[in-house]
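Residues per chain, in single letters:
Protein chains: 2
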Amino acid sequence: MGATKTEHFTDKQNSIATLTKALGHPARIAIMEYLIKVDTCICGDIVNELPLAQPTISQHLKELKNAGLIKGNIEGNSICYCVDEKAIGKLQDYFTNIATKLNKKNNCC
Amino acid sequence: MGATKTEHFTDKQNSIATLTKALGHPARIAIMEYLIKVDTCICGDIVNELPLAQPTISQHLKELKNAGLIKGNIEGNSICYCVDEKAIGKLQDYFTNIATKLNKKNNCC
DNA sequence: AATGTTTATCGTAATATTGCAATATTAAAT
DNA sequence: ATTTAATATTGCAATATTACGATAAACATT
Chain G
-17 MGATKTEHFT
-7 DKQNSIATLT
3 KALGHPARIA
13 IMEYLIKVDT
23 CICGDIVNEL
33 PLAQPTISQH
43 LKELKNAGLI
53 KGNIEGNSIC
63 YCVDEKAIGK
73 LQDYFTNIAT
83 KLNKKNNCC
Chain E
-17 MGATKTEHFT
-7 DKQNSIATLT
3 KALGHPARIA
13 IMEYLIKVDT
23 CICGDIVNEL
33 PLAQPTISQH
43 LKELKNAGLI
53 KGNIEGNSIC
63 YCVDEKAIGK
73 LQDYFTNIAT
83 KLNKKNNCC
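These protein sequences, in sequence, are chains G and E.
Numbering of the first sequence is given in the numbering used here, commencing with residue -17 and proceeding in unit increments.
Numbering of the second sequence is given in the numbering used here, commencing with residue -17 and proceeding in unit increments.
It should be emphasised that the hints constitute simulated quantities derived from the structure, not laboratory data.
All values reported here derive from a predicted model rather than from experimental measurement.
Careful: at least some of the hints might be erroneous.
Same chains, same label: a pair holds when it works inside one copy or across any pair of copies.
[Claimed, not checked] Here are the simulated DSSO-like cross-link-like pairs (lysine-lysine), alpha carbons at most 30 Å apart as the crow flies:
#1 Lys53 - Lys87
#2 Lys72 - Lys(-13)
#3 Lys72 - Lys47
#4 Lys44 - Lys(-13)
#5 Lys86 - Lys(-13)
#6 Lys47 - Lys86
Build out the structure end to end from the sequences listed, making use of the hints.
Put into structure tokens, the structure is as follows:
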């Protein structure tokens, strides 16, 4: 026991949960915000930007990449990471849709 | 070691991470969607709706409540849970803001 | 008061995440 | 070819999450 029962939920539910789970850590939020802030994408300086060791940052980047939130291009011996707009669009749509539905009913609580 | 270093990040970053982390599980996404779908909020039937045991559902509800995503009113011996529109609004704003910023630059990857 | 219904908590096992030192890998620079 | 720089991987300890059976607490019904 202890393993998430993903098979019992819809693909859409799992897909949204994958994205939100990947964003469910302040370091990964900070990484996303940094990637959005900088104009250039040569992003090795995330390690300098955040108070975490290099292997830790690397691991967080890997999780964001696995979830499809960022993309990475090898560029010489450094790597150009940037945000995948499609994933953000998915989340934007999802929450906008929920917000719209909520506006249409008078919540009891 | 192993504990998240929340103190190194901004309140906003931690706040968004708290919300997304709480949504980072398909069961909790399913619970949210169910709460939005049903018109009445008498929500004990979440247990019947989802393929998880009652204590597990109760635990997930607690996490959603701790994160501020849902509210719960005691109503006799059952409880009326419903989605907190403010939290959803926060997420909608956050992702809309990011999406807008991304549209303004030509991503290199 | 006794019983049933609903939700929460406790205890515990299985699994996953977080963080980093040490090390490996890859490519650029000398 | 060596050295330097940038990332990734490995291995491990600490911590957190997931799931559920058993049980408790709170209220309703009889």
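- Item | Earlier hints that do not hold, by number | Going through the list in order, the structure violates hint 5 alone and respects the others.
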